[in-house]
Amino acid sequence: MTTHDVTDPVTQEHHDPVPGVPVVVTGLMGAGKTTVATALARRWGRALRDSDVDLQAATGRTAAELVAERGADGLHALEAQHVLDAVAAEPAAVVACAAFVVEVPECREALAGRAVVVWLDARPEELVARQHLGGHRPQYGPDLLEMLRGMDARRRPLFEQVADVAVRLDPVDPAADVATRQASVAALVDDVERRVVAAAGRRADR
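Residue numbers for the sequence shown follow our numbering, beginning at 388 and rising by one.
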């Protein structure tokens with residue numbers, strides 16, 4: 388699968404605070420996995436492994452197109468293999484993984500054994516307000532809110548099981564300007580970074 392070098396001259400000087408430890412960002416669609424994972428990878432000078440981007444690069448298809456061609460099970464098999472490969476890769480990457488993978492026991496075991504897992508926790512109602520479903524995302528029914536509520540009901544206990552860091556996301560203010568939104572994202576990434584470092588320390592002490 389593809390790895391993405393997201394470093395730049397401004398951030399290359401940043402120190403990686405958890406060297407050698409894969410950091411996996413998960414959560415329901417629209418929670419901001421790619422945004423947070425990309426920011427962390429830039430700060431730490433790491434490669435980014437993003438499920439949607441990597442699978443599209445490997446197959447030439449978006450997640451929605453893969454569902455149309457191979458069915459949901461076909462997409463999910465690719466997503467599960469992606470996270471297994473990503474957390475085993477050297478050097479350690481920052482991974483934005485598909486939310487589905489927490490439903491796979493083998494993936495949960497790999498995450499628990501190898502990675503610090505960040506769960507971006509947002510309620511379905513907030514996720515609907517955050518996003519317009521892009522053409523790259525699969526939708527398994529006509530009602531986006533109903534779909535997200537079903538996913539949340541199945542996956543919330545599993546996110547709680549695998550997460551080393553659980554970050555409750557604040558509701559988005561639709562009236563906020565670009566600068567305010569950028570500041571909010573920067574504050575979120577700062578908080579995630581601090582909590583990842585603390586979680587890695589706890590893991591090392593076990």
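FYI, nobody ran anything at the bench for these hints, they're computed from the structure. Predicted model only: the values in this text are computed from it and were never measured. Hints may contain errors.
Pairwise CB distance ranges, derived in the manner of DEER restraints [to be verified]:
hint, residue 1, residue 2, range
1, 592, 561, 16 to 26 Å
2, 563, 407, 17 to 27 Å
3, 468, 541, 14 to 24 Å
4, 564, 540, 13 to 23 Å
5, 407, 574, 20 to 30 Å
We put the CB at the ideal spot given by N, CA and C, even for glycine.
Against the structure, the hints come out as follows:
1. Our hint of 16 to 26 Å for residue 592 and residue 561 is violated, since their Cβ atoms are close to 43 Å apart.
2. Between residue 563 and residue 407 the beta carbon distance is about 37 Å. The supplied range of 17 to 27 Å is therefore violated.
3. Range check, residue 468 to residue 541: Cβ separation about 20 Å, and the 14 to 24 Å hint holds.
4. In this structure the supplied range 13 to 23 Å is violated for residue 564 paired with residue 540, their Cβ-Cβ distance being about 35 Å.
5. Between residue 407 and residue 574 the beta carbon distance is about 27 Å. The supplied range of 20 to 30 Å therefore holds.
Hints 1, 2, 4 from the list above are not met by this structure, while the remaining hints are.
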